[in-house]
Every structure is written in C-alpha cells, then in structure tokens.
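**Student:** Sequence:
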Amino acid sequence: MGLHLFNTLTRRIERFEPMAPESRKVGMYCCGPTVHDYAHIGNFRTFVLSDVVRRYLSFRGYEPHHVMNITDVEDKIIARVGETGSTLSAYTRQYEEAFLNDLKELGCLMPHDMPRATEHMEAIIALIQQLVDRKLAYAAADGSVYFSIARYQEAGCCYGQLQKLDFDQMRPGQRVQSDEYAKDAIADFALWKARTPADGEVFWSSPWGEGRPGWHVECSAMSMQYLGSSFDLHLGGEDLKFPHHEDEIAQSEGAGVQEPGKRFVRHWIHGAHLQVEGKKMSKSLGNYYTLRDLLDQGFDGRCVRFVLLSAHYRESFNFTIDGLKGARTALGRIDECVSRLAKLAANAEASDLENQSELTKGFTSAMDDDLNVSAAWAAVFDWVRETNRQIDQASLTAQQAATEHQAWLAVDQVLGLGAGKDSEEEDIPQAIQTMAQQRQEARNNRDWAEADRLRDALKEQGWRIEDTPDGPRPRRIQDI
RNA sequence: GGCGGAGUAGCCAAGUGGUAAGGCAGGGCUCUGCAAAAGCUCUAUGCGUCGGUUCGAUUCCGACCUCCGCCUCCA
Numbered sequence: 017m018g019l020h021l022f023n024t025l026t027r028r029i030e031r032f033e034p035m036a037p038e039s040r041k042v043g044m045y046c047c048g049p050t051v052h053d054y055a056h057i058g059n060f061r062t063f064v065l066s067d068v069v070r071r072y073l074s075f076r077g078y079e080p081h082h083v084m085n086i087t088d089v090e091d092k093i094i095a096r097v098g099e100t101g102s103t104l105s106a107y108t109r110q111y112e113e114a115f116l117n118d119l120k121e122l123g124c125l126m127p128h129d130m131p132r133a134t135e136h137m138e139a140i141i142a143l144i145q146q147l148v149d150r151k152l153a154y155a156a157a158d159g160s161v162y163f164s165i166a167r168y169q170e171a172g173c174c175y176g177q178l179q180k181l182d183f184d185q186m187r188p189g190q191r192v193q194s195d196e197y198a199k200d201a202i203a204d205f206a207l208w209k210a211r212t213p214a215d216g217e218v219f220w221s222s223p224w225g226e227g228r229p230g231w232h233v234e235c236s237a238m239s240m241q242y243l244g245s246s247f248d249l250h251l252g253g254e255d256l257k258f259p260h261h262e263d264e265i266a267q268s269e270g271a272g273v274q275e276p277g278k279r280f281v282r283h284w285i286h287g288a289h290l291q292v293e294g295k296k297m298s299k300s301l302g303n304y305y306t307l308r309d310l311l312d313q314g315f316d317g318r319c320v321r322f323v324l325l326s327a328h329y330r331e332s333f334n335f336t337i338d339g340l341k342g343a344r345t346a347l348g349r350i351d352e353c354v355s356r357l358a359k360l361a362a363n364a365e366a367s368d369l370e371n372q373s374e375l376t377k378g379f380t381s382a383m384d385d386d387l388n389v390s391a392a393w394a395a396v397f398d399w400v401r402e403t404n405r406q407i408d409q410a411s412l413t414a415q416q417a418a419t420e421h422q423a424w425l426a427v428d429q430v431l432g433l434g435a436g437k438d439s440e441e442e443d444i445p446q447a448i449q450t451m452a453q454q455r456q457e458a459r460n461n462r463d464w465a466e467a468d469r470l471r472d473a474l475k476e477q478g479w480r481i482e483d484t485p486d487g488p489r490p491r492r493i494q495d496i
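Going by the numbering used here, the first residue of the first sequence is number 17, and it counts up by one from there.
Just so you know, the hints here were simulated from the structure itself, not pulled from any lab data. No experiment lies behind these values; they were computed from the predicted model shown.
In silico lysine to any residue, SDA-like type, Cα no more than 20 Å apart, as pairs: (1) Lys41 with Asp384; (2) Lys296 with Gly253; (3) Lys180 with Ala203; (4) Lys359 with Leu347; (5) Lys120 with Asp53; (6) Lys180 with Ile29; (7) Lys341 with Asp312; (8) Lys120 with Met130; (9) Lys257 with Thr26; (10) Lys199 with Thr212; (11) Lys180 with Lys257; (12) Lys199 with Gly159; (13) Lys180 with Gly253; (14) Lys475 with Gln456; (15) Lys295 with Ile337; (16) Lys475 with Gly348; (17) Lys299 with His52; (18) Lys299 with Ile337; (19) Lys257 with Ala203; (20) Lys299 with Asp309; (21) Lys296 with Phe333; (22) Lys199 with Phe258; (23) Lys151 with Pro223.
Computed spacing ranges between beta-carbons, pair by pair: (24) Glu293 with Asp463: 46 to 52 Å; (25) Gln146 with Arg349: 51 to 57 Å; (26) Arg462 with Tyr304: 52 to 58 Å.
Don't be surprised by glycine CBs; every beta carbon is placed ideally from N, CA and C.
Build out the structure end to end from the sequences listed, making use of the hints.
**Tutor:** Here it is in structure tokens:
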C-alpha cells in the first residue's frame, strides 16, 4: 500500500512520495520549542508525533533528515530576560537543556539538526534582504521590516493555502496591538523588529538597523539552509497553520529560491491539540502538566509516550491521569510478553522470510494509513495475546520465537518503548532475594502460613512474588 | 462574526452503507497451596438529538444541541 499521509495543503490523504525517490532521502522539519519555560505535555504531543513520523519513515526504508529549530529569541523570552536580569543565552539554555532531557525521557530520537535562531542571523538577514530586493518586504519608519501580503498576492502568489482566510471577516485579536508598529496593512507581518528600549541587550545589527528577527522568518531561513529550498515534510501543531506556517510559505516562496515548479514544502502535517482531564489545559484549572510534574507523580516517560500516542494525531484527545495508570498496565503486558519471547528465542536464529509476522503486517498497514496508531496498537495487542497463548501452549519453536521477537524489535523501533529489554534483569536487592528464598523454602516445607507472611512482608517493601515454573520471581510493584 | 474539527460502552479510543477493533477498569472461569502472571469469557440492539435518503445508517444528507481549535509571534 505504501505510506499515505494527510496533507494540510490539499486537505486530502495522499500517497507519500519523497522528492528524491531514487535516494530514499526525506527532508523533514518540525517547528521546535520556544525556550522561555518548561515545555508542557501538549507541546510534547507534537514532538512525539514528529519522532514517530521520522521513525516510521526509517521503518519504511527512507532516510529521514530530521531538523527541529530552537526558538531562543522571542518576546516572552526577552521579557523574562529583562525580569530576571539574566543574559539571553544563560536564560534560554537552561530551558533548552530541560527540553532535550524531556525529549530523551519520552524516548524521542534527537533530531539530526537543532539550529538555534540566534546562531543563524546571517541566513535570516540574507533571506529578509532577498525579500526586500524583490519588493515583497519594506522597511517602515520605525526601522522594522514587514512582509507585504498585498505585493505577494500581486506577484501572483496565494496567501492562505493551509487555512481559508477572509481578512474582511476576521476579528482582529488583542495581539494585533502589540504587533502594530508601523505596518502598511494589518495582515503584514514583521520580518525584522526594530530594537526598543525594552529589548535591553538583545539585538543584532542589520542593514535596517539594530533589532531582531520576527518569529516566522527563522523557520524559513533555517529549514532551507539545512534541507534546501524545497523539501518533503513540515510538521507542527495545528495552531501554527496560521499565521506561522502561512507566513513561512510566503517568505520562502516569495524569495524565489525554489526551482521552477517546486514548492517550498510538499507535504504539511499538523498535529491536533490535546485536552487534559476533559478540559482545555490551563494553569488556573490545575491541569497544566509539564513532563517533570508527571515524573514527580511516579510515571515514567514511556507511559507518557504511550498515552500521547494513544489517539490519531489529527484528533484532539483527552489526556488523563487514569489513562497514564492504564498505560502502565498495558506496557507491563507488552514487557512481559516480549521478555518471555526473548527467553524462549534464546540464541535461535530468526527466519527472516521478509518477516512474515502478523505483527509486522498489521502494524504496517495501520501506520501506512495516515499513521493510524490506534489500529497499530490493536495489532500489537492482538499479537501479544496470540503470542502469550502460543507460549502457554508451548506451541512456539525457538526459531519462531526468534522471528516474532525480531518483528517486535522492528516495530518497537517505531513505537520507541524499548519494551522487554531490562524487565528480566531488574536489580533485585540482596535482602529481597534472601526473603524470596526463605519463602520458597517455607513453600517447599508446605508451611503456607510462613510463606504468606514472607510474601506480605515483601509486599510491604514494594516487591511482589510471582511463582513461575522456574521458581519465584520478585518484581517491583509499580502501582502508586 | 469568519473558517475548521469533534461527539462511539464506567474511562480512553479505532472503524464501517449490511449490523460495533484495541487498551484500561469491572464480573465469571482455567491454572495455582493461596496468589501473581498468562489465557478463556462477559460487559454498547447501541455509535449527541431530531428528521430525511435507502431493502438496510453509527457510517450519506439536513436541522439542532454540546465541546474544541485558529482568527496575527500558543504545539
């Protein structure tokens, strides 16, 4: 069937074809974080989505080049820098570092490139200059440079491709005020913002005087620098369709750097937002979670990852603590199944006949269909049940187990759970092992009272005993 | 006001013009000294409401209700 993805540009599900099919290389850019504070769980839904897109492209034999920017200069950041008396880089680096740690905790692969806006001023200024030269941008009286939507449209370009726009019907929001400056038209947006006293020491020099770049232009400049003037995939949250991505298209295509007939980006992917406990996430409702909030509650990154991947990316979904608890149970089942499989497979060789596992088939056809993760999970859990059944009935040979195990490892390269790896080799404290042995001796003596007493004692210390055909097996209790 | 998305079991969530995947929670059973783990099994005559089209709609159409997103630097 091949990978099919919904393209915001055409509002249709399309077969995904990379620009350079012969090389299998795929350029993908994801709008990264603004590092003014800790990222929240909603932000991470988008980043986990791009991670899965990247991983699935690899799974399908492509070679993705994943770029994600770090926005390290922006209004809120400047305000905080002023308030805290910090420097721009000192302030932003702490949140950038926290963000990258969170990404790792969530099992995300690091993007191949993570350009910072502040380190790409040359490219940004050069892009603005091109737009000025082509008369699509103008310097205003206040020293700022704006992009002219009207002139862009006069040049035959379409503004409003990702979202239908009707400027006459639009209700100007409050944010217009803060972004007024001295524009010719309300729809125009800033490419370069003239330095103001409030900016403090945050400024760069440019042909138009001291100032700093507008928000949208960094993504155009950096994406094209790393991926070329035309590339395959661009991702972001649905809120970025307008104005951010619309403006990116305008700037990038307005610069006229693409080859004739080629677009800036072929395929746009937008992830829906999530709700938390049935409500829009907000600090005042107390349902505003950062990853560290959830880790503090005893959940680990992969539970969060599982929940963030529980619904289709174009649907909003409800993120709940209950869901997180359920995720732990569900992941435990996968872990258990995979480690049984690994044990049975031992050193047997997988027969790789193009991987005939039902898991691979079900997973691939689900993901090919616009990344239908829910259906993909169904394939995973159907496979878990069937695999457990076969292991219970001892009807799985070592070689079959090895094949299924290999199929799992491939699928998990996409899911990114790392399931079944270490659950078997968990560190069991000596004291716990001793108690488990004592209990086993009591059981051998049919002293059930003593055995149960020891089991209760172990439970109080946070360990549960599973009596398996191979003897007792202490396991750490995960419940909160 | 404009544009767009969504309402499926206790909770989360797929899906389809022909009678409802999967996960969590809960009930019963098998196994077990008892458990745990695993497996089996039960739990929506029903898919926001009301109409319409159709042999047949949860799926198509219309109206209405509710929720959510964007409307100029929020993923």
